[in-house]
Amino acid sequence: MTVDAISASALTLVRGGRVLCSGCDVSVPVGKCVVIVGPNGSGKTTLLEVLGGLRDPTAGRVDHLVDPPFGYLPQRPGFRRGFSVAETLGYYRRLTGSRAGPPVSRLLERVGLSGRAEDPIGGLSGGMTRLFALAVALVGDPAVLLLDEPMSGLDPQMRDSIIALLAAERDRGRTVIVVTHALEAVDPIADWGVVMGGGAMVQAGSVADLMARTASEGLPGAYRGLLEETA
Amino acid sequence: MSRVSSPLLAVVARELQSVVGTPAGWAIAGGAGTAVLTIASLSAPMGYQATAIDLLVLLEVLVPAVGVALGYRAVLQDRLRGEWAIHRAIGVAPRTYVLGLLLGQTTAAGLIIGGSLSVASVVVALRRTRPIAFLASTPAVADPAAMLWLTGLTVAYTGVIAAIVMVLSSLVRGRRGAVLGAVVVVGLLVVGIDAVAIVLPTPLPVLVAMSPGAAYRTLVLTVAVGLTPDAPVGAALLGWFTWLSGATLLSIRRLRTTA
Chain X
7 MTVDAISASA LTLVRGGRVL CSGCDVSVPV GKCVVIVGPN GSGKTTLLEV
57 LGGLRDPTAG RVDHLVDPPF GYLPQRPGFR RGFSVAETLG YYRRLTGSRA
107 GPPVSRLLER VGLSGRAEDP IGGLSGGMTR LFALAVALVG DPAVLLLDEP
157 MSGLDPQMRD SIIALLAAER DRGRTVIVVT HALEAVDPIA DWGVVMGGGA
207 MVQAGSVADL MARTASEGLP GAYRGLLEET A
Chain B
41 MSRVSSPLLA VVARELQSVV GTPAGWAIAG GAGTAVLTIA SLSAPMGYQA
91 TAIDLLVLLE VLVPAVGVAL GYRAVLQDRL RGEWAIHRAI GVAPRTYVLG
141 LLLGQTTAAG LIIGGSLSVA SVVVALRRTR PIAFLASTPA VADPAAMLWL
191 TGLTVAYTGV IAAIVMVLSS LVRGRRGAVL GAVVVVGLLV VGIDAVAIVL
241 PTPLPVLVAM SPGAAYRTLV LTVAVGLTPD APVGAALLGW FTWLSGATLL
291 SIRRLRTTA
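So the sequence lines, in the order shown, correspond to chains X and B.
Using the working numbering, you'd call the opening residue of the first sequence number 7 and step up by one each time.
Using the working numbering, you'd call the opening residue of the second sequence number 41 and step up by one each time.
Calculated from the structure, these hints are not laboratory results.
Values in this document were obtained by computation on a predicted structure and should not be read as measured data.
Backbone N, C-alpha and C fix where the C-beta goes; we use that ideal spot for every residue, glycine too.
Possibly wrong hints are sitting among the right ones.
Claimed, not checked - So the derived label-pair ranges between C-beta atoms look like this:
#	chain 1	residue 1	chain 2	residue 2	range
1	B	289	X	230	45 to 51 Å
2	B	215	X	45	28 to 34 Å
3	B	286	X	25	52 to 58 Å
4	X	29	B	285	37 to 43 Å
5	X	123	B	282	43 to 49 Å
6	B	244	X	28	53 to 59 Å
7	X	178	B	133	25 to 31 Å
8	X	128	B	78	21 to 27 Å
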């Protein structure tokens, strides 16, 4: 039996006058890696934000069955200029108060930014800024990680290292929700899938169920199969 | 440190460091300080009261300008970069974030302008000469309390302006809108609302309550300088309170529904 970290029922999302999903139910089990996939503009980011409580749904209800802090990596992360990497991370640690979790040096080490602590935040490249944002998402040892395109703009080696990090978090019992187009990259760690497309949510469930339904191998195959079903 | 106060203090400290740690912050402080000290140096021989009156004209423009320059992008940039969403995910309440920004912006603007006025008071103390006879009819001419009150009221006015600027910053959707909004807000605060009285005859207490700038002028001329003892001080304070609380609540409400 699975225990849910987040439960959404009768969810309707409308963005810019477009219905992204209508009357959908989504459950996010504790300690699983949930991958939200779909074409560009299908509402993946909006669903992630709604599941994380960052945005209200147009209709329906979202229940968080675990307490904050949650960790969030935005699609296009950026940080205030005038601060160093360590100062910015220290700021977010202060926001979590008594649940500050790992120290700054450990967080930077986990995302491959050791030795960058004193760099100005504005001096990081786009890929490094994304890695740094992942370190910020890990502040406070959150029970749920909400990650929007965590592998975008990263080299293959760094992608593998991030996948290993996410697998480690899941194996510690953390719930990881990932929005991504990099299906092959997340396939080894995906337990659950939410497939968006065609103006509505197509399917949500365990990756095993999605594969069985489409008689395909892996998350990429299940995704293509489900999109073909609705085409 | 309690879980409530620690995030609030962290947000305040971040706002202050954003001013101290950027060239723009130093440029704003340098420009404001130069303007205040130039007027103060010219008026200092006339005494505290005359200097306060001369500075009032400058400060009616300077306080909104500094408040807008420091704060018009504060919330907007955090939203566009996704930092506000990170705050929300961590569990920072919109009220904590808004109050932190407000306190930080007020402290930064207050230090810039209040600090300049404090130095100006020293300049007056060093350079003032015997009061001119027609001004000497009020004791405020030789009373440094005029400058102290001016400083205190001006710092309070920066808080009202910071709250109004934060509403702008939380409502606009992009940088272009923020710049346009900043120009409109400065215009409204400096002349726009007062202009209503010219177009539509408005009772003085109503005008003073409606316009934060008119309220500031009223309070300075009444409390600091002592020239207009019958002015509607109550309406001015009520107006400030309404603008401050209304703008703060509006910002909190806006951020509750924004990722």
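Quick rundown of the hints versus the structure:
Between residue 289 (chain B) and residue 230 (chain X) the beta carbons are some 49 Å apart, a value that agrees with the proposed interval 45 to 51 Å. A hinted range of 28 to 34 Å for the beta carbons of residue 215 (chain B) and residue 45 (chain X) is consistent with their spacing of about 29 Å. Checking the proposed 52 to 58 Å range against residue 286 (chain B) and residue 25 (chain X) shows it is violated: the Cβ atoms sit about 35 Å from each other. Between residue 29 (chain X) and residue 285 (chain B) the beta carbons are some 40 Å apart, a value that agrees with the proposed interval 37 to 43 Å.
Between residue 123 (chain X) and residue 282 (chain B) the beta carbon distance is about 46 Å. The supplied range of 43 to 49 Å therefore holds. Between residue 244 (chain B) and residue 28 (chain X) the CB atoms are about 56 Å apart, so this pair conforms to the stated range of 53 to 59 Å. In this structure the hint that residue 178 (chain X) and residue 133 (chain B) lie 25 to 31 Å apart at CB holds, the actual value being about 28 Å. At roughly 34 Å, the beta-carbon separation of residue 128 (chain X) and residue 78 (chain B) lies outside the given 21 to 27 Å, and the hint is violated.
Violated hints, in rising order: 3, 8; the structure is consistent with all others.
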